[in-house]
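Chain B: place on chain A using the hints.
2 protein chains.
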Amino acid sequence: MSQPKLSIQLNCPLPKLDFDVITLGHGSGGILTHRLLDTGVFNILKNDLLIEQHDGAVLKFDGPVAFTTDSYVVTPIFFPGGNIGELAVNGSINDLAMCGAIPEYLSLSFILEEGLRMDEFWEVLLGIKKASEAAGVPIVTGDTKVVERGKGDKVFINTTGLGRIHPKASIHANRARPGDVVLISGSVANHGVAILSVRQGLEFETTITSDTQPIHKPVLNLLDELGGDVKFLRDPTRGGVATVLNELAIQSGYGVEIIQKDIPVSEQVEGACEMLGLDPLYVANEGIFISVVSEAQSTNALKILQRFDPASSIIGRVVADHPKQVVLHSRIGGKRIVSMLPGEQLPRIC
Amino acid sequence: MSQPKLSIQLNCPLPKLDFDVITLGHGSGGILTHRLLDTGVFNILKNDLLIEQHDGAVLKFDGPVAFTTDSYVVTPIFFPGGNIGELAVNGSINDLAMCGAIPEYLSLSFILEEGLRMDEFWEVLLGIKKASEAAGVPIVTGDTKVVERGKGDKVFINTTGLGRIHPKASIHANRARPGDVVLISGSVANHGVAILSVRQGLEFETTITSDTQPIHKPVLNLLDELGGDVKFLRDPTRGGVATVLNELAIQSGYGVEIIQKDIPVSEQVEGACEMLGLDPLYVANEGIFISVVSEAQSTNALKILQRFDPASSIIGRVVADHPKQVVLHSRIGGKRIVSMLPGEQLPRIC
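In order, the protein sequences belong to chains A and B. Position one of the first sequence corresponds to residue 4 (this note's numbering), numbered consecutively onward. Position one of the second sequence corresponds to residue 4 (this note's numbering), numbered consecutively onward.
Source of the hints: derived by calculation from the structure; they are not laboratory data. Incorrect hints may have been included.
Quick list of in silico lysine to any residue cross-link-like pairs, SDA-like style, CA-CA up to 20 Å [to be verified]:
1. B:306 x B:317
2. A:306 x A:266
3. B:63 x A:65
4. A:63 x B:171
5. A:63 x B:62
6. A:63 x B:170
7. A:63 x B:266
8. B:327 x A:40
9. A:63 x B:105
10. A:132 x A:47
11. B:132 x B:220
12. B:63 x A:40
13. A:63 x B:125
14. A:63 x B:297
15. A:338 x A:266
16. A:220 x A:170
17. A:327 x B:42
18. A:171 x B:62
19. A:49 x B:254
20. A:63 x B:220
21. A:327 x A:220
22. A:63 x B:175
23. B:171 x B:65
24. A:327 x B:311
25. B:63 x A:338
26. B:63 x A:62
27. B:327 x A:202
28. B:133 x B:83
29. B:63 x A:107
30. B:327 x A:34
31. B:171 x A:62
32. A:327 x B:34
33. B:264 x B:338
34. B:327 x A:41
35. B:338 x B:266
36. B:264 x B:313
37. A:338 x A:328
38. B:49 x B:121
39. B:49 x A:254
40. A:49 x A:171
Extracted from the complex, chain A is given alone in its bound form:
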């Protein structure tokens, strides 16, 4: 799993460079940096905006723009279902979508550890290319730094995203009202369990893969069709579903009620969580989102989400009771408060 092999067909051959690993010189800003960038990175990711300028890209916007940043430090950098490059592209695309924005541009900044194997670097870069092309969101500017062996961990990536706000979007937790419905766009906990399975060297009977994927298309469909009836959007990455629902409760000032049996968890993930002592509600996801939609439009919202993923589900609602708290109705008929993730659960999950 941690042995990368080039999985993507390039139109051009991979750059031939006379080094096998990243060296400190690749971060110097001099000839080695230029060779790495010009013959490697720019060649693979090329587009008109990226080629134009070294210091920055010049973009045009019409109307309000969302701006979002994330650094990715996931370990291992290759995992079932993806790699850190895909994750970094999809992650910032998804953060834009959560603002009600149409993802348009990304920046890309690497912090590489001296000694990183070039074939691993290319594989990450190809993951970036694949994800960027699949979502139709180009990388338009970037940066590369190198730190000494033992001062980093192979590859850290920052992506920062820009996109214009959807004309019908009005997304804010304080627009939630009692009666509004809480939906989820797919089954939970796949990403965290996939990462943990590799880290622990565990072999599950069936392979659980990360759900890393762009989620802007279902979001934009919701906004196109339901407009202001979509009130809140957030992707349950670090801290999982429980943390996002707590953010919703705290920021709206209302309570949130969820029904355990309606929360989609695949059998394999459920089994793995039991084995590992994890609560799926706290496990990170990378390709699903939670939305709050008016009760009147909840059936339509569910239909839209199910066009993209049949596991999408209505998992609960906003309530006037127990303000700022999330209460779960369990399968066995009990009720319990679901708190925010108290400390670390899975470090470096994204």
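Frame of chain A, contents of chain B only:
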């Protein structure tokens, strides 16, 4: 020098948190992350846009926008004249200015190493606040990740900047023509020598400090007053003046000629470079820039630059001879080709 002390007065007391160091839990996305951000980071950096949203900021622009990103890995994180926080803010502000843009917004993303002392983190954050306020460019969105001890190095920072293009700006190396004049906005090599002096534990007779500062004001003055006669702007950070001039030569297709005696280097820096075996032309700077201006406006350009720093100087010109090469006329009357920095000189200088 590496012992931080809080050097900035806050209007509010520093957040009281019941931990002395950064732990993995601060990167989990759960309660600890929220406490670090809500009571710490947001409290110190607060502004309307930052408070509004966790997933991203929503901005408005009129006309074309520059977008630039940089990750900062400088070591040590505290150095004479600044810290990594100030450097990260000033650096991306300067990259925007080099695009001919008016810096408007920054994102801020931390990769913290487990065990980082909280007082060091606050000091970096205060450096960010100070630089952001001094330049009038707010931090509007951000991210915080934590990696295990030994997988990072105290603090890495990514800043990504946005700003609208100055209406009179038309900045591109391919606008340079033979006869155009090359200017520099201050004396060279201060940043690199300041960093190296701390790293090596050297004590120079007088203290050389980093030149980290925002340079958008002289740039905007040049653009206001000289418009399209300003053809090229670039700040000589990693790789130094020599690398930027080589980029100019390669990208314009013309030659560049520089006069050694006209390149401003302070006596202390010159002495330190001799002692350390460094060529000041390859040493990183963080608060100066190189510009190419039409011959007709060169005197005016120099006057504008000297209002901000009397050390500003005309250091050479674009020539039709030796295309794509930089030639230096030395003090002793010789000529030599100045190549791009061949490999590493000072790793992790920014």
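Hints versus structure:
1. Restraint check for residue 306 (chain B) and residue 317 (chain B): the C-alpha separation of about 11 Å stays at or below 20 Å, so the hint holds.
2. Between the alpha carbons of residue 306 (chain A) and residue 266 (chain A) the distance comes to roughly 16 Å, so the proposed pair stays at or under 20 Å and holds.
3. Taken as a hint, the residue 63 (chain B) and residue 65 (chain A) pair is honoured in the structure, with Cα atoms around 9 Å apart against an allowance of 20 Å.
4. With a CA separation close to 16 Å, the supplied pair residue 63 (chain A) and residue 171 (chain B) stays within the 20 Å bound.
5. Restraint check for residue 63 (chain A) and residue 62 (chain B): the C-alpha separation of about 13 Å stays at or below 20 Å, so the hint holds.
6. For the hint linking residue 63 (chain A) to residue 170 (chain B), the alpha-carbon distance of about 14 Å falls within 20 Å, and the restraint holds.
7. Restraint check: the Cα-Cα separation between residue 63 (chain A) and residue 266 (chain B) comes to about 38 Å, which exceeds 20 Å; the hinted pair is violated.
8. For the hint pairing residue 327 (chain B) with residue 40 (chain A), the CA-to-CA distance comes to about 19 Å; that is within 20 Å, so the pair holds.
9. Between the alpha carbons of residue 63 (chain A) and residue 105 (chain B) the distance comes to roughly 15 Å, so the proposed pair stays at or under 20 Å and holds.
10. A C-alpha spacing of about 7 Å is found between residue 132 (chain A) and residue 47 (chain A), which places the hinted pair at or below 20 Å, so the restraint holds.
11. Proposed proximity of residue 132 (chain B) and residue 220 (chain B) is supported: the alpha carbons are some 19 Å apart, at most 20 Å.
12. Taken as a hint, the residue 63 (chain B) and residue 40 (chain A) pair is broken in the structure, with Cα atoms around 32 Å apart against an allowance of 20 Å.
13. Note on residue 63 (chain A) and residue 125 (chain B): the hinted pairing is violated, with a Cα-Cα distance of about 36 Å set against a maximum of 20 Å.
14. For the hint pairing residue 63 (chain A) with residue 297 (chain B), the CA-to-CA distance comes to about 28 Å; that exceeds 20 Å, so the pair is violated.
15. Between residue 338 (chain A) and residue 266 (chain A) the CA atoms are separated by roughly 15 Å; this keeps the pair inside 20 Å, and the hint holds.
16. A threshold of 20 Å between alpha carbons decides the hint, and for residue 220 (chain A) with residue 170 (chain A) the separation of about 15 Å falls inside it, so the pair holds.
17. A threshold of 20 Å between alpha carbons decides the hint, and for residue 327 (chain A) with residue 42 (chain B) the separation of about 18 Å falls inside it, so the pair holds.
18. Between residue 171 (chain A) and residue 62 (chain B) the CA atoms are separated by roughly 16 Å; this keeps the pair inside 20 Å, and the hint holds.
19. The hinted pair formed by residue 49 (chain A) and residue 254 (chain B) meets the criterion: a straight-line CA distance of about 17 Å does not exceed 20 Å.
20. A C-alpha spacing of about 24 Å is found between residue 63 (chain A) and residue 220 (chain B), which places the hinted pair above 20 Å, so the restraint is violated.
21. With a CA separation close to 30 Å, the supplied pair residue 327 (chain A) and residue 220 (chain A) exceeds the 20 Å bound.
22. In summary, the hint linking residue 63 (chain A) to residue 175 (chain B) is supported, as the alpha carbons are separated by about 18 Å, within the 20 Å threshold.
23. Distance hint between residue 171 (chain B) and residue 65 (chain B) is fulfilled; the C-alpha atoms sit about 14 Å from each other, no more than 20 Å.
24. Of the supplied pair hints, the one linking residue 327 (chain A) and residue 311 (chain B) is violated, its CA atoms being roughly 53 Å apart against a limit of 20 Å.
25. For a cut-off of 20 Å, the pair hint linking residue 63 (chain B) to residue 338 (chain A) is broken: about 45 Å separates their Cα positions.
26. With a C-alpha separation of about 13 Å, the suggested pairing of residue 63 (chain B) with residue 62 (chain A) holds against the 20 Å cut-off.
27. For the given pair, residue 327 (chain B) sits about 50 Å from residue 202 (chain A) by alpha-carbon distance, which is inconsistent with the 20 Å threshold.
28. For the suggested pair residue 133 (chain B) and residue 83 (chain B), the alpha carbons sit about 16 Å apart, so the restraint of at most 20 Å is met.
29. For the suggested pair residue 63 (chain B) and residue 107 (chain A), the alpha carbons sit about 15 Å apart, so the restraint of at most 20 Å is met.
30. For the given pair, residue 327 (chain B) sits about 14 Å from residue 34 (chain A) by alpha-carbon distance, which is consistent with the 20 Å threshold.
31. Simply put, residue 171 (chain B) and residue 62 (chain A) have alpha-carbon atoms about 16 Å apart, close enough for the 20 Å limit, and the pair holds.
32. Distance hint between residue 327 (chain A) and residue 34 (chain B) is fulfilled; the C-alpha atoms sit about 14 Å from each other, no more than 20 Å.
33. With a CA separation close to 13 Å, the supplied pair residue 264 (chain B) and residue 338 (chain B) stays within the 20 Å bound.
34. Between residue 327 (chain B) and residue 41 (chain A), the direct Cα distance comes to roughly 16 Å. Compliance with the 20 Å bound is thereby established for this hinted pair.
35. The suggested pairing of residue 338 (chain B) with residue 266 (chain B) holds, with an alpha-carbon distance near 15 Å, which does not exceed 20 Å.
36. Taking the CA atoms of residue 264 (chain B) and residue 313 (chain B), the gap is about 16 Å. The hint holds against a cut of 20 Å.
37. Taken as a hint, the residue 338 (chain A) and residue 328 (chain A) pair is honoured in the structure, with Cα atoms around 12 Å apart against an allowance of 20 Å.
38. Taken as a hint, the residue 49 (chain B) and residue 121 (chain B) pair is honoured in the structure, with Cα atoms around 19 Å apart against an allowance of 20 Å.
39. At most 20 Å may separate the alpha-carbon atoms for a hinted pair to count; residue 49 (chain B) and residue 254 (chain A) meet this at roughly 17 Å.
40. Between residue 49 (chain A) and residue 171 (chain A) the alpha-carbon distance is near 33 Å, which puts this suggested pair outside the 20 Å criterion.
The structure does not agree with the numbered hints 7, 12, 13, 14, 20, 21, 24, 25, 27 and 40 stated previously, though it agrees with the rest.
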